[in-house]
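Asks: What follows is each chain in one-letter form.
2 protein chains.
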Amino acid sequence: MRVYLAGPEVFLPNARIILDLKGSLTRSAGFEPVSPGDVAIDTMPDKHELGLAISVVNERLMKSADAIIANLTPFRGISADAGTVYELGFMCGQGKLAFAYTNLADDYFLRTVAYYGGKVITGLDGRNRGHDGLSIENFDMVDNLMVDGGIDSCGGSIVRGNVAPEERYTNMRAFKECLNMVALSFGVS
Amino acid sequence: MRVYLAGPEVFLPNARIILDLKGSLTRSAGFEPVSPGDVAIDTMPDKHELGLAISVVNERLMKSADAIIANLTPFRGISADAGTVYELGFMCGQGKLAFAYTNLADDYFLRTVAYYGGKVITGLDGRNRGHDGLSIENFDMVDNLMVDGGIDSCGGSIVRGNVAPEERYTNMRAFKECLNMVALSFGVS
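Protein sequences appear in the order of chains W and X. The working numbering numbers the first residue of the first sequence as 1 and each following residue consecutively. The working numbering numbers the first residue of the second sequence as 1001 and each following residue consecutively.
A portion of the hints provided could be inaccurate.
Far from chain W, some chain X residues (derived; all Cβ distances over 10 Å) [what the hints assert, rightly or not]:
{"id": "1", "residue": "PRO1013"}
{"id": "2", "residue": "ARG1076"}
{"id": "3", "residue": "ILE1078"}
{"id": "4", "residue": "ALA1080"}
{"id": "5", "residue": "GLU1137"}
{"id": "6", "residue": "VAL1163"}
Here are the simulated lysine-lysine pairs, BS3-like style, with alpha carbons at most 27 Å apart [what the hints assert, rightly or not]:
{"id": "7", "chain 1": "X", "residue 1": "LYS1119", "chain 2": "W", "residue 2": "LYS47"}
{"id": "8", "chain 1": "W", "residue 1": "LYS47", "chain 2": "W", "residue 2": "LYS119"}
{"id": "9", "chain 1": "X", "residue 1": "LYS1063", "chain 2": "W", "residue 2": "LYS63"}
{"id": "10", "chain 1": "X", "residue 1": "LYS1176", "chain 2": "X", "residue 2": "LYS1063"}
{"id": "11", "chain 1": "X", "residue 1": "LYS1047", "chain 2": "X", "residue 2": "LYS1063"}
{"id": "12", "chain 1": "W", "residue 1": "LYS119", "chain 2": "X", "residue 2": "LYS1047"}
{"id": "13", "chain 1": "W", "residue 1": "LYS47", "chain 2": "W", "residue 2": "LYS63"}
So, partial list: chain W residues that the calculated Cβ filter (under 8 Å) puts toward chain X [stated by the list, open to error]:
{"id": "14", "residue": "LEU12"}
{"id": "15", "residue": "ARG16"}
{"id": "16", "residue": "ILE17"}
{"id": "17", "residue": "ILE18"}
{"id": "18", "residue": "GLY23"}
{"id": "19", "residue": "ARG27"}
{"id": "20", "residue": "SER28"}
{"id": "21", "residue": "LEU88"}
{"id": "22", "residue": "THR122"}
{"id": "23", "residue": "GLY126"}
{"id": "24", "residue": "ASN138"}
{"id": "25", "residue": "PHE139"}
{"id": "26", "residue": "ASP143"}
{"id": "27", "residue": "ASP152"}
{"id": "28", "residue": "GLY155"}
{"id": "29", "residue": "PHE186"}
Calculated directly from the structure, the hints in this document are not laboratory data. We put the CB at the ideal spot given by N, CA and C, even for glycine.
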């Protein structure tokens, strides 16, 4: 069984070390890890072509995997990394098993309210809105309801961790819990 | 042919009007529009269950559609709305046709540099990084490379619009261009 490891750790200064650590934990849990960046990319004529080539490789790796564990820890804003969310959607669209985790305890509603500096109005329709009029989801979820709902629909769940800010992208506790749940789902011990 | 219309316009104060406008334009282009929120949801025991039920309905609508047009205009930050990105990934995972547009011309690199207040360092590996050490993608793309690359892989492309800030979520020019390209792809005139 192969597990695709999606998350913003690819952007860390020590990305390779963290990806290798996740890979090693995944092997210990009885699975073959598959990570973005596992395959070397040929030189390309320009940066746009290079980006497309990386995407093609990652999609191929996803298709080869049986499950995904997505790190939904908010990245440069209130939501998860867009690449990770795309990959989660892709795997759910393929009917693969999906688990996820976040290392930030605050739910999506709280983070969005903080984005508006705590200033939330109630619209005529009874929905919470920011000063820009945009409604604020309040469904007790980790991120947009399509993210949480998609994981639920494909048989998984989300682990909510809570770690010190300096460990936000490196702490492995919630990730290990996901590995345990994938093992339970696949009957691997 | 059914086209799923994904985008952050569901959060607008006049969401229904904008969704209806997009639906009407889609019909004029010869397609059946499918939008999140098209199906009424039963009352649920709590808000989390309600959120999950909305997700289930939207995933069912996506499965019924042949193509997606995703509005990737940045939403509360530098990336597209997480729900829209999930839906794009889901449809690409299902092998459906995907087109997208953004109403903000600046590419992902420029927006990320602006997020760091213009202060970008070059790491020992030659990559651009923010003060937090996180690397900054620079692939001449609209969003994370998995988003742009995924659309390319499933036969579509992204229209880059450029509209006044007050029209950011309502201007239909780039959306109409997407409709024209979907029509060309499906041989609908």
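Asks: Going through the earlier hints one by one, which of them does the structure break, listed in rising order?
Replies: 1, 2, 3, 4, 5, 8, 15, 16, 17, 18, 19, 20, 22, 23, 28 and 29
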